[in-house]
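Q: Here's the letter readout for the chains.
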Amino acid sequence: MKRMFGIIVFFILSALVLRCCIRADVPEVTNVKTVTPDINNISYPDDNKNVTLNGVDYIQTQAPVGKFGGELVLSTIGEGPKTFNPCNTKDATSSAMASILYEGLLTTDAKTGKVIPQLAKSYYIDGNDYIITLRKGIKWSDGKPITADDVLYTYEEIVFKGLGNPSITDAMTVDGKLPTLTKVDDYTVKFTTSKPFAPFLRQLSYPVVPKHYFKPYSDKGASEFNAFLNTNTKPETIVSNGPFKLKEYVAAQRVVFERNPNYYKINLNNQQLPYLDKIVYLIVGDTNNGILKFEAKELDVISLNGNTVARYKEREDKSDYTIYNLGASTGTLFVAINLNNRKDKNGHYYVNPVKQKWFRDKNFRKAVERAVDRKNMIQNIAFGVAEPLYTAESPNSIYLNKNIKGYDVDTDKAKKLLENSGFVYKNNKLYDKQGNFVEFDLYTNAGNLEREALGVMVKQDLEELGMKVNFKPIEFNSLVNKLTNTFDWDMVIMGLTGSPLEPHDGKNVWTSKGTLHLFNQGVPKNECFEWEKELDELFEAGALKIDFADRKPVYDRYQEIIYEQNPVIYLYSPAQIYAIRKKFKNVFPSALNGLIYNLDELYIEK
Amino acid sequence: MGLLRFTAKRILQVIPLLIIVSMISFFIIRLAPIDPLAELRINPSISEETLQKEVKRLKLDKPIAVQYLYWAKSFVQLDLGYTSDGEKVSVKLKERIPNTLLLTLVVIFMTWITGIPLGILAAVKKETALDRLLTVFSSIGMAIPSFFFAILMLMFAVKTGWFPAGGLTSYNYNDMNFIGKICDISRHLVLPVIVLFTISLSGLQRQMRANMLEVLDSDYIKFARAKGLSEWKVIFKHALRNAVNPLITLLGFEFAGLLSGAALTEYVFQYPGLGRLILEAVMKSDINLVMASLMMGTIMLVAGNLIADILLLLTDPRTRKSQEAK
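Same order as they appear, the protein sequences are chains L and Z. Each number in our numbering corresponds to the 1-based position in the first sequence with 372 added. Each number in our numbering corresponds to the 1-based position in the second sequence with 173 added.
Quick caveat, the hints were computed from the structure, so don't treat them as lab data. Computed from a prediction, not measured in an experiment: that's the story for all the values here. Watch out, some of these pointers could steer you wrong.
To be verified - Derived pair list, reagent style DSS-like, types lysine-lysine, alpha-carbon separation capped at 27 Å:
1. L/K533 x Z/K232
2. Z/K332 x L/K978
3. Z/K229 x L/K549
4. Z/K229 x L/K854
5. L/K592 x Z/K229
6. L/K587 x Z/K261
7. L/K650 x Z/K354
8. L/K717 x Z/K235
9. L/K606 x Z/K267
10. Z/K232 x L/K462
11. Z/K235 x L/K854
12. L/K549 x Z/K226
13. L/K840 x L/K805
14. Z/K229 x L/K462
15. L/K788 x L/K840
16. Z/K229 x L/K717
The shape of chain L in the complex, shown without the other chains:
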C-alpha cells in the first residue's frame, strides 16, 4: 500500500515537472515582423582615406575614434582550421582565419560592394591593364617592408603555378590563358589579361604573402607547400600583414590572435589600429553548444537562426546584447528538377522516359513553381526570418533582377498549366497523356532539419496538384553521389551559396559544361535546350564586359530565363541574424560582408 502511494506521488511529481518543461519549451508567438532587416538605418562611416605620415602610406578609417584594449571572443563551428596557409584554404573556417592574418591588394566595400584598395594604395583600369600602386613604407609583422616583389612572388610563383588551392588559378584563367604581371617600379605593378574579363578585378583580393617567408617552401613543390603553415606551426614564426597575428592555436579548443603592431591602418587621431588586443575564436562542435556558450557569456557574438531569434529578441531590451538582422544571406534553398534524357553506359536511361516527358515539359515545371507556397514555408520553417526567392541571385546580390517579382502560390493556375500540356485529372489524381499516374521521388539530405521540413511542405503542395511525391531524405554523401555521378534522381531539395558580388561564380551551375550543372549534368552541346544555349552565351558575354552597367542587363536576362524555364525552383533565402554584446562599438553590419568584417575598427566602450 505504502509502495503504491509512493509510485503515485512519483508520477504526479514527474507529471508536474514535465508540464513545466513543456510550457517553457513552447515558443512564444511573437510578431516576427520585428526582425525585418534593420541594416538600412546603419550610418556607415565615410570612405577610408590615404594618409602619408613620415613617409608611410597609411589607410585612415573615418570611423569614430575608440579606446584601445580588450578582446573579442568569437566562435567557429566544427573542427577548427586545417591550415593557416592563406593560399591553401579549402574550408570556410581556415579561410576565415587566414583572412585575419593576410590581406590582399583590393577588397570589397561593405556598404556598396564596390572594389576598393586595401594593401594597394590605389588602382586604375586601362582596357585590359590593371595598374596597382602599392603603399610605401608599410611592413610585415616581422618588420620587413611589403614591396612589389612580394606581390609578384604571390601571383607568379603561387597563383599562376597553381600551388595550394587551385580554384583561384581557375578563376583567373581567361580562355585558357593566365594574365601577365609586370613590375613597373618598386611600388607599381601591372596585370594584363588577354581579353576583357570582368570577374578578374575581384580576384585581386587574393592574399599577398611575404616572399622571404614563403619562398623556401614554395620552391620545394606542391606537397611541401601544402604542409607549410599547418596548424602545428609555431605561431610566433608566422609572418603576416593582417590586423592581427596568430598568438596561439590549441587543437579543438581555440585560436587566439593578437594585434599586429605593424598594421597599416590608422584612426582619425593617426593612432595605429587595431583597437582590440586579442581576437579569440573558440572552436565549438555544433551550433547548440555555441548558443550555450553565448548564454554563459563565454562568447561575444552568436549567429541566430529562426527558432532562437524570437526568444533572443524578446529579451534584448533587458540584456547586454544587440540583435542585427543583416537581411537575406547568400544561401539559397531550391528544388531542382532532373532534365536528363540520356542513357548510361549500359544503355539504361538515367531518368525513366515516362518521367522525362514530364520534367522536360516547361508547363509541368511552371506548374510546380506556381504550386509551392513560399510564404507558408517562410512562416513555418524559417520562423518568418527569410526572404522569398524566385531566381538564382540571392536577395543581397548587387546583380539581383528586381523586376522578377514572382507570384504567390496559385494552385488553380498550376492545374491549368498542366491541363494545357495534356495532363488529365481522374478522381483528383494527375495522369499524363499516355495515362501514366504522375508519381516521382523527391530527395534531400537527411539530418538537415530545414530541408526535411521543406520536403514535407513541397510534397504537400504538389499533392494538391494530384501528384504523388515520395519524399526520401537520404545521407548527404549518397545524395551528392546521385547528383554528380549516377544521375538517378527526379527532384531534389538542396541549397547552394553564391556570391552576392560576382554572378560569374555561378558558371559551374548554369553553363552546360559546368561541374555542378545539376539539372542537366553532362549535357552535350547539341542536345542542350535553346535556353541552356542562351545561358552559355550570357555567361560568356557577361564575363567580357567590365562595366557594372553593361553587365547588369546580361545577368538580368539570365535570371529571367531561370524564372521562365524553372529547371531550378528557388524557395527562399534565410536571413542572417547576429547578436553581439552592447559594449562593442564601431559595429557597422553589412548585408555583403557580415556583422564584423572590420575587426580592426571594433573597440570596447568601458
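Start from chain L and add chain Z according to the hints.
A: Same frame as chain L, now just chain Z:
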C-alpha cells in the same frame, strides 16, 4: 618462464585478430556509399581538375582491395598516413590522446576508490536502508543515458554560471600562472567527470556487491565466522580476496575503454578528446583516421585483456595451476 611464454603466445594471437578486424572495418567503411569528397563536389567553385587531383591523392580511383593493401603496408611500417584534409593522422591523435587520458584516468581512479568500498558496504549491510539507498542511486546511474545526463549538466552550468559550458581550458589559459592553470582545468573537468563517474560507478558498485554476496555466502566464510574470527578479518582477509577476482577482468575492460570510452560525453561537453575527432572522421569517411582509431581500440582491448589475465595469474593461484597444467 610460464608467464613469459603465455604472454608471447597471447601477443602472437593478436596478429590474425588485427588483420581480420582491419579488413572487416576497412571494407565496411569503403563499401558504405559515403564519398569523402562529397563536400567538394557540391561546391560550385571547385573545378573538375581539383576533384581529380583529390581522387588521386586519396587513391579513390583504385579498387578497394588495392586501397586496403596500401593502407596495410603503411600501417605495418607504423605510418598511419594522412587525413583527408592532408594532416598527419599520428599528429592529430597525439594532440587528443593526452586530453582523453586525463579525463578517463581521473574517472577510473575515482570510480575504483569509491566503487569498491561502496560495493563491500552494500554487501555487508545487505538489505538495510543503506543498501537500498545505494541500490536506488546505482539504478539511476545505470538507467540514465550518458548523453542526456551530460546535457542536463551543461544546462546546469549555463543557468548557474558556476561551471564553464564545455571545453577543457579557458581562452586566457596561457596567461595564467601554474596554480591558475590547474584550477582552470579542474573547473572544466568537474562536469564531464561527474557524468562519467556516476555512470561507471553504478556498474562497478553493483558488481562488487554481487561478488561479495556470493563469497559471503560460501561455506568457508561460514566456517571462518564459526571459528570466531572478527567480522573485519572475515571480510577483508578472506572474502575480499576472492570477491575481487572478477573485478580484475573488469579492470582489463576499463583499460580498453581508456581511449574510447567517453566519446558521447566528450561530444556533448565539446571536450577536445579523441571522441569528437573520431566521430567527425566517421561522418566524413576519413579512412586513415577511422582505421587508426579502430586499430588503436582493438589493440587496447587485447592489451587490456592480457593485462587482466596476467594480473589474475599473479593474484589467483588457481588460474596459475590450470595454466601450468596446460
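Q: State for each hint whether it applies.
A: Verification of the hints:
Taking the CA atoms of L/K533 and Z/K232, the gap is about 24 Å. The hint holds against a cut of 27 Å. Distance restraint check for Z/K332 and L/K978: the Cα-Cα separation of roughly 26 Å lies within the 27 Å cut-off, and the hinted pair is therefore satisfied. For the suggested pair Z/K229 and L/K549, the alpha carbons sit about 25 Å apart, so the restraint of at most 27 Å is met. In summary, the hint linking Z/K229 to L/K854 is supported, as the alpha carbons are separated by about 21 Å, within the 27 Å threshold.
For the hint linking L/K592 to Z/K229, the alpha-carbon distance of about 20 Å falls within 27 Å, and the restraint holds. For the given pair, L/K587 sits about 23 Å from Z/K261 by alpha-carbon distance, which is consistent with the 27 Å threshold. Note on L/K650 and Z/K354: the hinted pairing holds, with a Cα-Cα distance of about 20 Å set against a maximum of 27 Å. A C-alpha spacing of about 20 Å is found between L/K717 and Z/K235, which places the hinted pair at or below 27 Å, so the restraint holds.
For the proposed pair L/K606 and Z/K267, the alpha carbon gap of about 17 Å is at most 27 Å, so the pair holds. For the given pair, Z/K232 sits about 19 Å from L/K462 by alpha-carbon distance, which is consistent with the 27 Å threshold. The suggested pairing of Z/K235 with L/K854 holds, with an alpha-carbon distance near 20 Å, which does not exceed 27 Å. A distance of roughly 21 Å separates the Cα atoms of L/K549 and Z/K226; the hinted pair therefore holds under the 27 Å criterion.
This hinted pair checks out: L/K840 and L/K805 have alpha carbons roughly 17 Å apart, not beyond 27 Å. As the CA atoms of Z/K229 and L/K462 are separated by approximately 17 Å, the hinted pair is consistent with the 27 Å bound. Our distance criterion of 27 Å between C-alpha atoms is met by L/K788 and L/K840, whose separation comes to about 18 Å. A threshold of 27 Å between alpha carbons decides the hint, and for Z/K229 with L/K717 the separation of about 23 Å falls inside it, so the pair holds.
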